Amino acid sequence: MSYVIRIKSLSYRYPDQQIGLNGVDLTILPGEKVALVGANGAGKSTLIHHLNGILIGEGDVNILGMTVEKKNLKRIRGKVGVVFQNPDDQLFSSTVYEDVAYGPIYQGLNKQEVKKRVAEALSMVGMQDYIDRNSYYLSIGEKKRVSIATVLSMQPEFLVMDEPTSGLDPRARRELINLLQQLPQTMLIATHDLDLVEKILPRTVIMYRGQVVVDGPTSQIIPDSNLLENYGL
Amino acid sequence: MLLSPLPMHIPDGFLSVVVSVFFWLISIGGIGFALRKVNQVIGEREVPLMGVLAAAIFAGQMLNFTVTGGTSGHLMGAALATIIVGPWAAILVMTSVVSIQALVFQDGGLLVLGANIFNMGILGVVLSAMVMQFIRKIFQNRKKYLLGGSFIAGWLSIFIASLAAGLELAISGTSPVQIAVPAMAGIHALIGIGEGLITLGAVLFLYINRPDLVTHPNEAKNANSGIVVAGVILTVLLAVLSPLASSHPDGLEWVAETAAFLNFAKESTYQIIPDYLLPGLHNEAVATIFAGLIGAVIVFGVIFVMMNQRKKQLPQRETDFE
Amino acid sequence: MSNSQPLNPYIQLESPAHRLDSRIKLSLVFVYILTINLIPHAVWVVFPILFSVNLSLAVVSGIGIKKLLKRSLWVLPFVIAVFPLLFSIRGNTWFEITLLGFSFTASWEGLERLLSIVLKAWFSIQAAIILVSTTKFEGILKGLRWMKIPKLLVAVIGLMWRYLFVLVAEAKRLLVARSSRSSDLPDFHSGGSMIWRAQVTGYMAGNLLLRSIERSDRVYMAMLSRGYDGEVRMDNDRVLSRKEIHILLIGILICVCLFVLSLYFGGAF
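Residue numbers (numbering that gives the first Met the number 0), protein chains in the order written: chain Z, 0 to 232; chain F, 0 to 321; chain L, 0 to 268.
Hint data in this document are derived by calculation from the structure and do not stem from the laboratory. As the structure is a computational prediction, the values presented were derived from the model and not from experiment. Don't take every hint at face value.
[As the list claims (entries may be wrong)] Chain F is faced by these chain L residues, among others (derived, beta-carbon under 7 Å): (1) Leu-33; (2) Leu-37; (3) Ala-80; (4) Ile-124; (5) Leu-163; (6) Ser-189.
[Said to hold, decoys possible] Every beta carbon over 12 Å from chain Z, so not counted as near; a handful from chain L, in silico: (7) Ile-64; (8) Leu-72; (9) Leu-75; (10) Phe-82; (11) Asp-216.
[To be verified] When the alpha-carbon atoms are kept at most 27 Å apart in a straight line, the in silico BS3-like pairs for lysine-lysine are as follows: (12) F:Lys-36 - L:Lys-150; (13) L:Lys-135 - L:Lys-147; (14) Z:Lys-78 - L:Lys-171; (15) L:Lys-150 - L:Lys-135; (16) L:Lys-171 - Z:Lys-70; (17) Z:Lys-110 - Z:Lys-78; (18) Z:Lys-73 - Z:Lys-115; (19) Z:Lys-78 - Z:Lys-115; (20) Z:Lys-70 - Z:Lys-7; (21) L:Lys-150 - Z:Lys-69; (22) L:Lys-135 - L:Lys-242; (23) Z:Lys-7 - Z:Lys-69; (24) Z:Lys-110 - F:Lys-142; (25) Z:Lys-110 - F:Lys-136; (26) L:Lys-147 - L:Lys-242; (27) L:Lys-66 - L:Lys-171; (28) L:Lys-69 - L:Lys-147; (29) L:Lys-171 - L:Lys-69; (30) L:Lys-171 - Z:Lys-73; (31) F:Lys-36 - L:Lys-147; (32) Z:Lys-7 - Z:Lys-78; (33) Z:Lys-198 - Z:Lys-32; (34) F:Lys-136 - F:Lys-36; (35) L:Lys-135 - L:Lys-66.
Idealized CB from N, CA, C, for every residue including glycine.
Just chain Z, with the same shape it has in the complex (with noise of 0.2 Å):
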């Protein structure tokens, strides 16, 4: 089991019959940070909804050694933590300690070690002078931070993140920036922001129309103009 996850030939069309997925194969080992581009509607989101099971394709998803399926899934959601792109989706408790005890809590852990979750967490992301906050009132950067303490706290191997840099102004960009350079584990970002992949992910993976079209170092791919062109970047 040298792989983070391995995907192969997975498919996915969605109830209306759109293609979804067209094949996609994609490995990632342990320790890489990953960046996943493409443009609107390439399949970037639903690819990331197969990574914790949201959604089930054909083909096969295997993540640390367990395959994607429904005995398997709770598991594995607590080794894959999924950052959504909007953070008033992922905050949906009354205190800022509440929202990153939620795993935690769900996995059935004692109120000590609970306690002792969310407290690193939340100082992973800086936040831990906003314990008992109100989620619902802070600054959409303060809100990005709070979102990724909300998986780390369940302490997972490997970090999916959907769009982290969108709707920050610059500042709080650059230090979500930093913060994800800080962080050790394995990372799938999907993201536009193409500055975000140069400074931290040193591979990319290009979808186009479901598909994965280019995968390989960020530093061959992102200069490449004509190359991003052609796939609507």
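Knowing the structure of chain Z, use the given hints to seat chains F and L on it.
Quick look at chains F and L alone, frame taken from chain Z:
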């Protein structure tokens, strides 16, 4: 699925026409009254609020949690709407929710819509408003009043609404009263706990983030004593009537039969000879079925002739419609 | 309403049923469902006619018989609610079973009633499905106005529809975000307490409500900036043509005929 066979959204065909019409009249009265009050009490600001809130309650009904095993609890929303916008606007909000569910999603019938609006909209809201008024007198503490009230209002609105639905089914002769009422009440006493807890969580969330939304300064003006009286009467009536009815099924059967008579559905009016109930049992039965089939063929025939006519006319028609 | 089904039931097609004015359609469907429910129980002769009317409408409207049957199937769970009738109505014995020491007698009359109720419910749902598959929601609103439903209520229902899909999508995203964090560990009992789960669900509902209330503030400002002054106004609808009135009257007449036919076969005369 286990919790839903006894429907809260009653479909068409399950209530007799007399019962349906009766509850249409009551609901029209209730909605009319609420509309007048809304026009008097609250301003133009509330129209988009009511619309968006109705959509949010519809969407909120999709939020569920696992109770145990395969069963799950979810929200109806009458109590929540009452606490946020007060009883009169809440009646309109719930009426909109229940109507769209029936009109567009077949969640509940059209002919029985009046009864569904009464159960889930009017009754649920009036009871919630009554509970909130009572609890406000008991707890001086704002937060305790809101949280205690929202749980009880949530629970009671579901429980009493289910009694009403059970009685409606029984009076219509759709389900025997000694089964319909205890089954509905028993199941919804449990489902109501889920409603109460979700309502409580939602109100707590709002209280923490936007206390102004759930603590209206003009509360006293908004909910008058009339609604308390109406709530008490409805609660007592349903809470007393239903166990009484289920322990004395004969009384209800009498009501049902009277209603059924008006409904042209009374069995004895058209006593059907028992042997020819089902196909193949009797020559006359065969004849009846045969007549039905001929009717069906005629309908099909007419439609197909019409379709053919239309095909011939089609090119010409299309220009007509441009 | 299953998650895999697209939420909006309208099917974009070109057919006489789609073209018919929504006010006529809405009224006819109401009258038709009323008729179905007025028909006495167990007048079997009328049931195939009703069924063939529905199937014909499915063909004429382009929905197709298969889709109509599939969409109307979910009346089935409700059968359980009427099932006790089989045993509670006294009459000629069909069969007897003994369960846990109690003996139950199923009667033919009970079966008759049960079948009638379920079939009527099924036919009514089919009629409603044909209505919503061939009518855009704007048309249904027009029909409601024509039926003299107060403007304020129609306005609330209209706004509700406008934001329904946005908020349903939000609710679904909340559920996805929650289940993404609902995980378990080896050797731990997962799930937390039932009350905690209910409370979290309540928070989610509160979150959804708060976001939508704040959205309604923005909607209100947008309405104000386009000249809304608190009075709900609606376009005046086109006057119905003579032909359309005739269609309405013929439809009602057919329903009356069906009803009279059912009374005749039910033995009322």
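Looking back at the hints listed earlier, which ones does the structure fail to meet? Per hint list: 6, 21, 25, 28 violated.
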